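Using the sequences provided together with the hints, build the complete structure.
With UniProt numbering, letter number 421 in the sequence shown gets 421, and the count goes up by one each step, no holes.
Careful: at least some of the hints might be erroneous.
To be verified - Distance windows between CB atoms, simulated:
#  : residue 1 : residue 2 : range
1  : 28        : 69        : 43 to 53 Å
2  : 121       : 161       : 28 to 38 Å
3  : 323       : 390       : 45 to 55 Å
4  : 52        : 323       : 39 to 49 Å
5  : 373       : 210       : 29 to 39 Å
6  : 146       : 81        : 48 to 58 Å
7  : 58        : 320       : 41 to 51 Å
8  : 239       : 376       : 31 to 41 Å
9  : 317       : 66        : 36 to 46 Å
10 : 392       : 283       : 27 to 37 Å
11 : 239       : 69        : 17 to 27 Å
12 : 392       : 69        : 49 to 59 Å
13 : 184       : 210       : 39 to 49 Å
None of these hints come from the bench; they were simulated from the model.
A quick note: this is a predicted structure, and the numbers were derived from the prediction, not measured.
No residue lacks a Cβ here, since even glycine has one placed at the ideal position from N, Cα and C.
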Amino acid sequence: AIRSRRRVNALLRSVRAELAAAQQSTEAYDRAARALVVRVVDDARTRLAQWNDPPTVEQVRAFAADAARAESHELADLAAAEPPRMPGELDVRRARLFGLRLPPVGLVGLVYLVFMLPYAVRAATPAVLVVGAVFLVIGSLATDYLPRRLSVLSGGRARAGVFLGVSVLTGFALSLASVLGGLTGIRVLIPALAFPLIAFAFAMLAAVVHALQVEQRRLSHAVASQQRALRRGTAPARAALTDAAQILHRDVQARCVLQLQTPSAGIAADIDELLAQAADVFARPAPPVGAEAVDQVIATWAHVIAVDVRIDDDARAALDGDGTLARDAYDIVAEGLLNAVKHADARRVGVSVDLTSTGAGRMLRLAVRCEGILPRGAALRPASHVRSLGAELVQVADSVVLRALLVVDPGGSRHPVVSAVHPA
Numbered sequence: 001a002i003r004s005r006r007r008v009n010a011l012l013r014s015v016r017a018e019l020a021a022a023q024q025s026t027e028a029y030d031r032a033a034r035a036l037v038v039r040v041v042d043d044a045r046t047r048l049a050q051w052n053d054p055p056t057v058e059q060v061r062a063f064a065a066d067a068a069r070a071e072s073h074e075l076a077d078l079a080a081a082e083p084p085r086m087p088g089e090l091d092v093r094r095a096r097l098f099g100l101r102l103p104p105v106g107l108v109g110l111v112y113l114v115f116m117l118p119y120a121v122r123a124a125t126p127a128v129l130v131v132g133a134v135f136l137v138i139g140s141l142a143t144d145y146l147p148r149r150l151s152v153l154s155g156g157r158a159r160a161g162v163f164l165g166v167s168v169l170t171g172f173a174l175s176l177a178s179v180l181g182g183l184t185g186i187r188v189l190i191p192a193l194a195f196p197l198i199a200f201a202f203a204m205l206a207a208v209v210h211a212l213q214v215e216q217r218r219l220s221h222a223v224a225s226q227q228r229a230l231r232r233g234t235a236p237a238r239a240a241l242t243d244a245a246q247i248l249h250r251d252v253q254a255r256c257v258l259q260l261q262t263p264s265a266g267i268a269a270d271i272d273e274l275l276a277q278a279a280d281v282f283a284r285p286a287p288p289v290g291a292e293a294v295d296q297v298i299a300t301w302a303h304v305i306a307v308d309v310r311i312d313d314d315a316r317a318a319l320d321g322d323g324t325l326a327r328d329a330y331d332i333v334a335e336g337l338l339n340a341v342k343h344a345d346a347r348r349v350g351v352s353v354d355l356t357s358t359g360a361g362r363m364l365r366l367a368v369r370c371e372g373i374l375p376r377g378a379a380l381r382p383a384s385h386v387r388s389l390g391a392e393l394v395q396v397a398d399s400v401v402l403r404a405l406l407v408v409d410p411g412g413s414r415h416p417v418v419s420a421v422h423p424a
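In structure tokens, the structure reads:
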């Protein structure tokens, strides 16, 4: 009873330490996220204050590259970073490194044959070799299969005991074959010692490997549980960082690109307003969006590039009925339009949004297409927000396409057995 109570108390102390460590890690991450947003916004405002009135093309380009693009990547990297492993004791038992377990079938006989064959060929007659081979095959089969086939053996120790017992008998049988073949002296004892020793060594090795595998699974499960708990704790800060990164990457950078296409005297005020939104991401909830928001971002870019739009009625209904879906669609379309204007030579871009049925249920299919050649190795950054939504940048014929499939029915099956790209 005393030992049991001590173990329970130790477990409670371990759990308390883990919870405290998780809380400390979450608070530290939140502080770091807030500090980074403040630094990024302050740096951008400092750069903005140094602009001429009106700003030069070089100033706008430098601001878009440094204050918008580079800083948004820094925010996105912190938002996507894996949480650190929480300190504290893990409630995982140490691996039991001493024990016996059945090794793989055929391993003992094969190793015995490899080691003994060169000696047997030199020391034994062909008749002895034949008899020894027969005894080895029968003994190896008995050693491997008897412990596994006997239904009365329900425990690992019992099976290991039978395994070693049969291996000893097999060793004596091999020695008997040597005697029957005319061998004399101490040489006839070698099989009686070698076969059971090899069996014992591999039984111990199998037990060690199994114990380490079990410990690894326990450790992996414990660490994964800690990681999930910490990620849940940092979810609000990660969402705020993602919002701030999107404002800089999508909105501020887009405003700079628009300024280069159609200069406007109010660009500094517009960017300052966007920076105020970025600074406020921890205090304000994400605004609800629908199909109208997607229309607005398309209309904004239509001032500088011809946009062919195709959004079917079912897709509009899905966007209006699910704010999260519409927000994700907005981010993907905005990213595609921004990339088309920045990197493509074409002056026309196509945007298509439709609803499709797949083996995984209803999906919203988005594609932003423009003529051009995708550079070798070009892809969305690992920390890219739209990449985390499932978007991919691909070459289709003579066009570069940013495309994605978004789940419309999140309440459906979470583990579809049919690929999402397979038509229903």
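Each hint tested on the structure:
Remark: the range hint 43 to 53 Å for residue 28 to residue 69 is contradicted by a beta-carbon distance near 28 Å. Evaluation of the 28 to 38 Å hint for residue 121 and residue 161 yields a pass: the beta carbon distance comes to about 34 Å. At roughly 18 Å, the beta carbons of residue 323 and residue 390 sit outside the given window of 45 to 55 Å. In this structure, residue 52 and residue 323 meet the distance hint of 39 to 49 Å, their C-beta atoms being roughly 41 Å apart.
Checked against the hint of 29 to 39 Å, the C-beta distance between residue 373 and residue 210 comes to roughly 54 Å, which is inconsistent with it. Separation of residue 146 from residue 81 is about 54 Å and conforms to the stated range, judged on CB atoms against 48 to 58 Å. Restraint check, residue 58 to residue 320: a C-beta distance of roughly 43 Å satisfies the suggested window 41 to 51 Å. Between residue 239 and residue 376, the C-beta spacing of about 34 Å keeps the proposed range 31 to 41 Å intact.
One distance hint, 36 to 46 Å for the beta-carbon pair residue 317 and residue 66, holds here, with the actual separation near 41 Å. Separated by about 34 Å at the C-beta atoms, residue 392 and residue 283 satisfy the suggested range of 27 to 37 Å. A hinted range of 17 to 27 Å for the beta carbons of residue 239 and residue 69 is consistent with their spacing of about 21 Å. For residue 392 paired with residue 69, a C-beta distance near 20 Å fails the hint of 49 to 59 Å.
Taking 39 to 49 Å as the suggested C-beta distance range, the pair residue 184 and residue 210 conforms, at roughly 42 Å.
Consistency with the previously given hints fails for numbers 1, 3, 5, 12, ordered from lowest to highest.
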